[in-house]
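Undergrad: Fit chain U to the known structure of chain B by using the hints.
2 protein chains.
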Amino acid sequence: MTKQERAARTRHTLIRSAAEVFDQDGFAPSSLTSISRRAGVSNGALHFHFVNKGALAEEVEVEAMAILRGIAGPWRSAAEADSSLQTLVDTSHTLVARLQEDTILRAGFGLSADITWKSRWDLRQYWVDWVGEGLSVAARQGALAEGVRPEDARTVIAAATVGLGALGRADPRWWDRRVCTRLWRLVLPRLAADHLAGRLRAEGGDAPPEREVPGTPAPDPV
Amino acid sequence: MTKQERAARTRHTLIRSAAEVFDQDGFAPSSLTSISRRAGVSNGALHFHFVNKGALAEEVEVEAMAILRGIAGPWRSAAEADSSLQTLVDTSHTLVARLQEDTILRAGFGLSADITWKSRWDLRQYWVDWVGEGLSVAARQGALAEGVRPEDARTVIAAATVGLGALGRADPRWWDRRVCTRLWRLVLPRLAADHLAGRLRAEGGDAPPEREVPGTPAPDPV
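Protein sequence lines, in the order shown, are assigned to chains B and U.
Following the UniProt record's numbering, the residues of the first sequence are numbered contiguously, the last one being 222.
Following the UniProt record's numbering, the residues of the second sequence are numbered contiguously, the last one being 222.
Treat the hints as calculated values from the structure; they're not laboratory data.
A portion of the hints provided could be inaccurate.
What the hints assert, rightly or not - Here are the simulated BS3-like cross-link-like pairs (lysine-lysine), alpha carbons at most 25 Å apart as the crow flies:
no.: 1; chain 1: U; residue 1: 53; chain 2: U; residue 2: 118
no.: 2; chain 1: B; residue 1: 53; chain 2: B; residue 2: 118
no.: 3; chain 1: U; residue 1: 3; chain 2: B; residue 2: 53
no.: 4; chain 1: B; residue 1: 118; chain 2: U; residue 2: 53
no.: 5; chain 1: B; residue 1: 118; chain 2: U; residue 2: 3
Unchecked claim - With beta-carbon atoms standing in for the labels, derived distance ranges:
no.: 6; chain 1: B; residue 1: 118; chain 2: U; residue 2: 197; range: 42 to 48 Å
no.: 7; chain 1: U; residue 1: 97; chain 2: B; residue 2: 172; range: 28 to 34 Å
no.: 8; chain 1: U; residue 1: 100; chain 2: B; residue 2: 97; range: 55 to 61 Å
no.: 9; chain 1: U; residue 1: 66; chain 2: B; residue 2: 54; range: 45 to 51 Å
no.: 10; chain 1: U; residue 1: 129; chain 2: B; residue 2: 3; range: 52 to 58 Å
Glycine included, each C-beta is placed from N, C-alpha and C at the ideal position.
Bound conformation, chain B alone (with noise of 0.2 Å):
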């Protein structure tokens, strides 16, 4: 390994770890004697890499927002012709597994609404934007059942993902999959239109059929 490699491999090794302390404790608390320390390295290789905590917290709202990117990418009505609602439906599925199992994703949307942090890169109104956004492509294809007035179907989906997630912070019950089905289950037969009745699946385009799997009842948080 070249002497570039190791620096870039520490660079990394050091986000991570201050993703997992910031998500655990908060941006305000977190000592970054306790990010060199669980990283492995000296506060000196630390403080080479970077100036400060902020300098670490920006840089992880950076690798996360590369990754919602990667979850949430631009809508291109085209392409998306006659699937918007579908595509909502599998991406915030899709963010929720991330959520559960990406401490730098997570870390991310946990900076955005950190109060003791102000925040360069909010994860979380580029979800939001992103929300409105398909929904606004969803109603220009005709997607929207009629009387539907599309600012309305924006906010309830925002706000009922955004609370998904806060939620789930507390309690992982709300990130199980089949918490976000129920609310897909309830909203999708009043948001689609009637050519689209029975055709979107509010598991998730590419799940398997839902089945009640004995011994794991779906958790229920509310």
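TA: Same frame as chain B, now just chain U:
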């Protein structure tokens, strides 16, 4: 004013100042000095009333919880008969309005979601449980539309209202009454049983008829 009255007044001023400081900066970075300075009392007076910052946070939460219990009181299935859904609508409007004007309530919810403080009085969880219970009451009363699963209704309303609460902290447009109305305008037609159709008001049972007032368009946070 007696000595006891002065002490009680100072104590309350300190709690209010703590709420303002926590609400603005979060728990961890808030200093006792900034709280006592805002209250216009000495550090010594603060320490006479509260052993530490945690004791102040607990007191803010106790007061906030009392306010929340006043807004969202116990469900009495008998008294609430036939109006459980409208009670949910009206109470969510009241909560959003009070969040805008009442610093102690806002700080209480903020502390519930503050990763830098281990809350003993979780206002957000109280609200989620209250919403869940109200929808269970509605289900038992036959107020939910055929085919709507109570757990789906509970999930959507809990998540969407918590989402509004979270988003409003960063952008107060989310706490506009008309934005909360959008939520219910989308969800009520799906949620409510046929015999309630047209009888439930998304803008609140006691709200004046909805009008578009020229010059004050409804905000569009998404």
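Undergrad: Each hint: holds or not?
TA: Now the hints, each set against the structure:
1. U:53 x U:118: holds (12 Å)
2. B:53 x B:118: holds (12 Å)
3. U:3 x B:53: violated (47 Å)
4. B:118 x U:53: holds (23 Å)
5. B:118 x U:3: Answer violated: residue 118 of chain B to residue 3 of chain U is near 43 Å, above 25 Å.
6. B:118 x U:197: 42 to 48 Å: holds (47 Å)
7. U:97 x B:172: 28 to 34 Å: holds (32 Å)
8. U:100 x B:97: 55 to 61 Å: violated (35 Å)
9. U:66 x B:54: 45 to 51 Å: At roughly 38 Å between Cβ atoms, residue 54 of chain B and residue 66 of chain U fall outside 45 to 51 Å, so the hint is violated.
10. U:129 x B:3: 52 to 58 Å: holds (56 Å)
This entry does not satisfy hints 3, 5, 8, 9, going by the numbered hints stated previously.
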